[in-house]
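K.L.:
Each protein sequence line maps, in turn, to chains R and X. Residue numbers for the first sequence follow this note's numbering, beginning at 1 and rising by one. Residue numbers for the second sequence follow this note's numbering, beginning at 1 and rising by one.
Keep in mind the hints are simulated off the structure, nothing from the lab. Owing to the predicted nature of the structure, the values given are computational and were not obtained by experimental measurement. Quick reminder that beta carbons are idealized off the backbone N, C-alpha and C, glycines included. It is possible that some hints are incorrect.
Straight line, CA to CA, 30 Å or less: simulated DSSO-like cross-link-like pairs of lysine-lysine [what the hints assert, rightly or not]: (1) R:K25 x X:K101; (2) R:K98 x R:K25; (3) X:K19 x X:K96; (4) R:K100 x X:K29.
Here are some chain R residues the structure puts well away from chain X; computed CB gaps all over 12 Å [claimed, not checked]: (5) I16; (6) F20; (7) K23; (8) K25; (9) F27; (10) I68; (11) F69; (12) I103; (13) N105.
In case you want the letters, here they are:
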Amino acid sequence: MKEYTLLSIVSVLLAIALDFALKTKLFFSKKFWIFWAVMFVLIFIVNGYLTWRPIVIYGESFYSGIRIFTIPVEDFLFGFSLITFNITLWEYFTNKMKEKEHIVN
Amino acid sequence: MKAEYFFVLVIAFAVPFIKSLSRELDFYKYPLRLFFALAPPFAVFIIWDVFAASRGHWSFNEKYISGLKVISLPVEEILFFLVIPFCALFTWEVVKYFMRKN
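Chain R extracted, bound-state conformation:
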């Protein structure tokens, strides 16, 4: 498998694993997928622009060669995992800090 392809798949698996490990259960929540429907459009605009110009140039031998519009499919996995890490941590600490508030009150 191509290096970027492999790394991007591993990154998504780690993002799923973190959601399980921190018990944030995002992958089973409706709002998470509604969020992704919105995010997909926004990512498409930004990533689409970056790859269409192109501002970022890809090494042809390191990814699958499959693009949606001008965006390599691996980029979607890259973005999905990055942002899912952010959201998972955000939710984990939101819950932690809410708990703490309740204890203090």
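Dock chain X against the given chain R, drawing on the hints supplied.
P.N.:
Just chain X now, with coordinates in the frame of chain R:
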């Protein structure tokens, strides 16, 4: 234009940042959670990016970047890993906000 990558980030950031100050959203209710949500992925993805760029997985078009580099990456690329996650966290709170309302 050299500033183009930077402008993409500014355009992406502008509305989420201004709207994140809205009282109703309470985005900064727990200031530390913003740091904890951004910092670890930032570190991991910078390492990934340094590796990927050095391997040639991708490169940056000199026409559209300032030329300022931080640990071998264009400064715009470093900012990307703060700006885009910030926009995503803002969008996440907006989705939650509207789901609470309905």
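K.L.:
All hints, please: hold or fail.
P.N.:
Hint check:
1. For the hint pairing K25 (chain R) with K101 (chain X), the CA-to-CA distance comes to about 22 Å; that is within 30 Å, so the pair holds.
2. Restraint check for K98 (chain R) and K25 (chain R): satisfied, since their Cα atoms lie roughly 17 Å apart, inside the 30 Å limit.
3. Restraint check for K19 (chain X) and K96 (chain X): the C-alpha separation of about 15 Å stays at or below 30 Å, so the hint holds.
4. Proximity of K100 (chain R) to K29 (chain X) is assessed by CA-CA distance (about 13 Å); at most 30 Å being required, the pair is judged to hold.
5. No Cβ of chain X approaches the Cβ of I16 (chain R) within 12 Å, the least distance being about 15 Å, so the stated non-interface status holds.
6. Remark: the non-interface label on F20 (chain R) is consistent with the geometry, its nearest Cβ contact in chain X lying 17 Å away (cut-off 12 Å).
7. With a cut of 12 Å on Cβ distances, K23 (chain R) stays outside the contact zone with chain X, its closest approach being about 16 Å.
8. With 12 Å as the threshold on Cβ separation, the claim that K25 (chain R) sits away from chain X holds: the shortest Cβ distance comes to roughly 14 Å.
9. Non-interface call for F27 (chain R) relative to chain X: holds, since the shortest CB-CB distance, roughly 14 Å, exceeds 12 Å.
10. Even its closest Cβ contact with chain X, about 17 Å, leaves I68 (chain R) beyond 12 Å, as expected for a residue assigned away from the interface.
11. For F69 (chain R), the condition that its CB be more than 12 Å from all CB atoms of chain X holds, with the nearest at approximately 16 Å.
12. For I103 (chain R), the shortest C-beta to C-beta distance to chain X comes to about 14 Å, beyond the 12 Å cut-off, and the non-interface label holds.
13. Even its closest Cβ contact with chain X, about 15 Å, leaves N105 (chain R) beyond 12 Å, as expected for a residue assigned away from the interface.
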